[in-house]
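Asks: Residue numbers (the numbering used here), protein chains in the order written: chain A, 1 to 388; chain B, 1 to 159.
A couple of the hints might just be wrong.
[As the list claims (entries may be wrong)] Lysine-lysine pairs mimicking DSS-like chemistry, simulated, CA-CA at most 25 Å apart:
| id | chain 1 | residue 1 | chain 2 | residue 2 |
| --- | --- | --- | --- | --- |
| 1 | A | K372 | B | K68 |
| 2 | A | K372 | B | K112 |
| 3 | B | K141 | A | K372 |
| 4 | A | K386 | A | K308 |
| 5 | B | K91 | A | K372 |
| 6 | A | K372 | B | K55 |
| 7 | B | K48 | B | K68 |
| 8 | A | K372 | A | K308 |
[Said to hold, decoys possible] Beta-carbon label-pair distances, calculated as ranges:
| id | chain 1 | residue 1 | chain 2 | residue 2 | range |
| --- | --- | --- | --- | --- | --- |
| 9 | A | R50 | B | S130 | 40 to 46 Å |
| 10 | B | M129 | A | T82 | 55 to 61 Å |
| 11 | A | Q254 | B | Y140 | 52 to 58 Å |
[Unchecked claim] Computed far set for chain B versus chain A, every beta-carbon distance over 12 Å:
| id | residue |
| --- | --- |
| 12 | K7 |
| 13 | Q19 |
| 14 | W53 |
| 15 | M64 |
| 16 | R75 |
| 17 | R109 |
| 18 | A127 |
| 19 | V136 |
| 20 | K143 |
If you are wondering where the hints come from, they were derived from the structure by calculation, not from laboratory data. Built from N, CA and C at the ideal position, the CB exists for glycine as well.
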Amino acid sequence: MIDYSKVLSRTVVDTPKSGIRKFFDLMSTMQDVVGLTVGEPDFQTPWHIREAGIVSLERGKTYYTANAGLMELRSEINNYMTRRFGVSYDPASEVIVTVGGSEAIDIAFRSVIEPGDEIIVPTPSFVCYAPLARMAGGVPVILETKFEDKFKIDPEALKAAITPKTKMLVLPYPNNPTGAIMTREELADIAEILRDTNILVLSDEIYAEMTYTGNHCSIASLEGMRERTVIASGFSKAYAMTGWRLGYLCAPKQIAEQMLKIHQYGIMSSPTTAQFAAIEALKNGEEDIQMMVGEYNRRRRYIYNGLKSIGIESFEPEGAFYIFPRIGDYGLSGEEFCNKLLYDYKCAIVPGGAFGESGEGFARISYAYSIKHITQALERIEAFVKTL
Amino acid sequence: MNTELLKLLENDARLTADQLAVMLGCDREVIEADLRECEANGTILGYKTIVDWEKTEQESVTAMIDVKLTPQPDRGFDRVAEKIYNYPEVKSVYLMSGAYDLSVLIEGRTMKEVALFVSQKLAPIEAVMSTATHFVLHKYKDKGVLYETPEIDERGTFN
Chain A
1 MIDYSKVLSR TVVDTPKSGI RKFFDLMSTM QDVVGLTVGE PDFQTPWHIR EAGIVSLERG
61 KTYYTANAGL MELRSEINNY MTRRFGVSYD PASEVIVTVG GSEAIDIAFR SVIEPGDEII
121 VPTPSFVCYA PLARMAGGVP VILETKFEDK FKIDPEALKA AITPKTKMLV LPYPNNPTGA
181 IMTREELADI AEILRDTNIL VLSDEIYAEM TYTGNHCSIA SLEGMRERTV IASGFSKAYA
241 MTGWRLGYLC APKQIAEQML KIHQYGIMSS PTTAQFAAIE ALKNGEEDIQ MMVGEYNRRR
301 RYIYNGLKSI GIESFEPEGA FYIFPRIGDY GLSGEEFCNK LLYDYKCAIV PGGAFGESGE
361 GFARISYAYS IKHITQALER IEAFVKTL
Chain B
1 MNTELLKLLE NDARLTADQL AVMLGCDREV IEADLRECEA NGTILGYKTI VDWEKTEQES
61 VTAMIDVKLT PQPDRGFDRV AEKIYNYPEV KSVYLMSGAY DLSVLIEGRT MKEVALFVSQ
121 KLAPIEAVMS TATHFVLHKY KDKGVLYETP EIDERGTFN
């Protein structure tokens with residue numbers, strides 16, 4: 001008999017499963033649950049974008065593309081980055097089309113991490129950074145952000161987290177799960193600390209289009225930062241294209257060249273149909289974004305006020321489509337709170353602890369749902385909280 | 001003019017002033033004042049429910065009638081249009097460019113009822129030169145709303 005404990009990778013075996021998934025699995029065993037758990041838009045991909053994918057299939061565009069992606073798409077990505085965030089990348093050597101933002105993060109880590117390198121991961125944040133950094137041989141160093149600071153990175157705390165082994169800072173803003181953003185001024189303080197070091201930045205800008213109090217600022221657009229920044233982004237959130245699995249990386253060519261090797265050997269090229277659809281999205285999708293972001297903004301205000309009137313404290317989110325209320329004041333752990341809410345009141349939200357220890361005492365609520373659905377969920381949360 | 005408010009209501013007229021105020025980030029009083037103004041000046045003409053009558057016991061047929069007219073002195077087509085839209089069974093009347101002049105949408109309980117309306121009320125109007133009646137066989141989408149069973153939220157269910 002084979003002894004699996006001897007054949008599996010220790011690092012992978014020791015990596016825990018995603019805490020969000022665990023909650024989803026629980027939820028799927030129950031009936032009539034009103035959930036606010038999903039991290040993807042409730043809109044379908046706009047029809048003209050879907051149609052561009054269909055047309056490409058009708059025309060027989062079913063082959064591999066260049067490893068880095070269709071040249072036209074890479075050019076459009078550069079046009080978009082220049083137009084929206086004032087930072088440009090050479091389509092031929094500095095843009096890579098990936099299988100979602102997740103692959104982008106993975107190969108960014110793998111192309112720079114040497115065994116033992118430290119990766120600073122601010123939390124609460126999306127669940128993938130620490131596991132992926134560890135699987136690439138790195139050592140995640142958790143940098144806790146606080147409710148009092150609106151979950152932004154405190155420059156002093158960052159300084160304290162930096163050691164001679166620090167290789168990279170993950171910059172997950174606009175933030176999932178907190179809804180926090182970092183403004184140009186706040187990023188300037190971070191840039192000031194990193195500018196004269198050899199520390200890189202992985203800026204995860206997947207929610208860049210979803211900001212409600214001003215335009216997103218990319219740290220790469222700040223003086224001296226482009227050369228040390230890798231931007232990971234994608235089409236999933238902005239264009240409601242989660243299932244197409246398409247993201248991209250923008251980075252200085254010295255880094256992009258190395259990332260492309262990993263992509264080349266591991267992936268070959270991203271799905272061709274999705275790439276044709278993405279060209280259409282970047283060329284003609286501006287209005288779709290405006291429509292969807294307008295809708296998210298109204299829901300954001302609605303849910304923030306709804307929670308407030310129930311008596312649950314949260315800071316008003318400024319980006320992404322999540323709100324991160326403080327539920328720790330009810331004498332239950334985050335997980336107990338969410339479990340009871342699910343079992344007794346059939347309403348599902350994700351315990352904040354799934355996004356890092358500093359998320360304990362909070363919960364992530366997604367507002368990528370209709371107002372009707374949100375209203376129903378708020379009613380159940382209110383009924384539950386009244387019993388505590 | 002608060003077009004964002006109008007768009008929200010056009011999509012869901014049951015949103016309350018409180019809900020609208022929160023969503024638009026303003027006071028309830030502002031919303032109520034805007035609504036009063038829009039109702040008074042005719043920007044908002046009414047609030048209706050979209051019913052799929054096929055799902056009920058109630059028999060109902062819809063027909064679109066292309067109407068060709070001879071222009072009238074003085075008031076052009078307006079007077080004829082008025083004569084037509086005053087019939088309660090007429091739901092819409094549009095002045096059209098192209099091969100005919102008025103597009104009349106009519107609802108009746110049966111095809112016969114619609115046919116009688118055309119032959120006895122519409123066709124005899126002096127300025128009406130001809131009519132062509134098209135019965136609606138099935139509604140897929142009307143006023144931006146799909147006439148299908150509500151879609152299930154499939155997110156997070158592909159295991």
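Asks: Run every hint past the structure and note whether it holds.
Replies: A quick look at each hint next to the structure:
1. A:K372 to B:K68: violated (45 Å)
2. A:K372 to B:K112: The given pair, whose Cα atoms are some 41 Å apart, is violated under the 25 Å limit.
3. B:K141 to A:K372: holds (21 Å)
4. A:K386 to A:K308: Status holds; Cα separation ~14 Å.
5. B:K91 to A:K372: Judged against 25 Å, a Cα distance of about 30 Å means the pair is violated.
6. A:K372 to B:K55: It holds: about 23 Å lies between the C-alpha atoms, which stays within 25 Å.
7. B:K48 to B:K68: Not satisfied, since the Cα-Cα distance of roughly 30 Å exceeds 25 Å.
8. A:K372 to A:K308: holds (18 Å)
9. A:R50 to B:S130: 40 to 46 Å: Cβ of R50 of chain A to Cβ of S130 of chain B: about 42 Å, so the range 40 to 46 Å holds.
10. B:M129 to A:T82: 55 to 61 Å: Given a distance of about 60 Å, which is inside 55 to 61 Å, the answer is holds.
11. A:Q254 to B:Y140: 52 to 58 Å: holds (55 Å)
12. K7: violated (9 Å)
13. Q19: Not fine: 7 Å to the nearest Cβ puts Q19 of chain B too close to chain A.
14. W53: holds (23 Å)
15. M64: holds (25 Å)
16. R75: Check passes; 40 Å lies beyond 12 Å.
17. R109: holds (33 Å)
18. A127: Holds, since 42 Å exceeds 12 Å.
19. V136: holds (24 Å)
20. K143: holds (18 Å)
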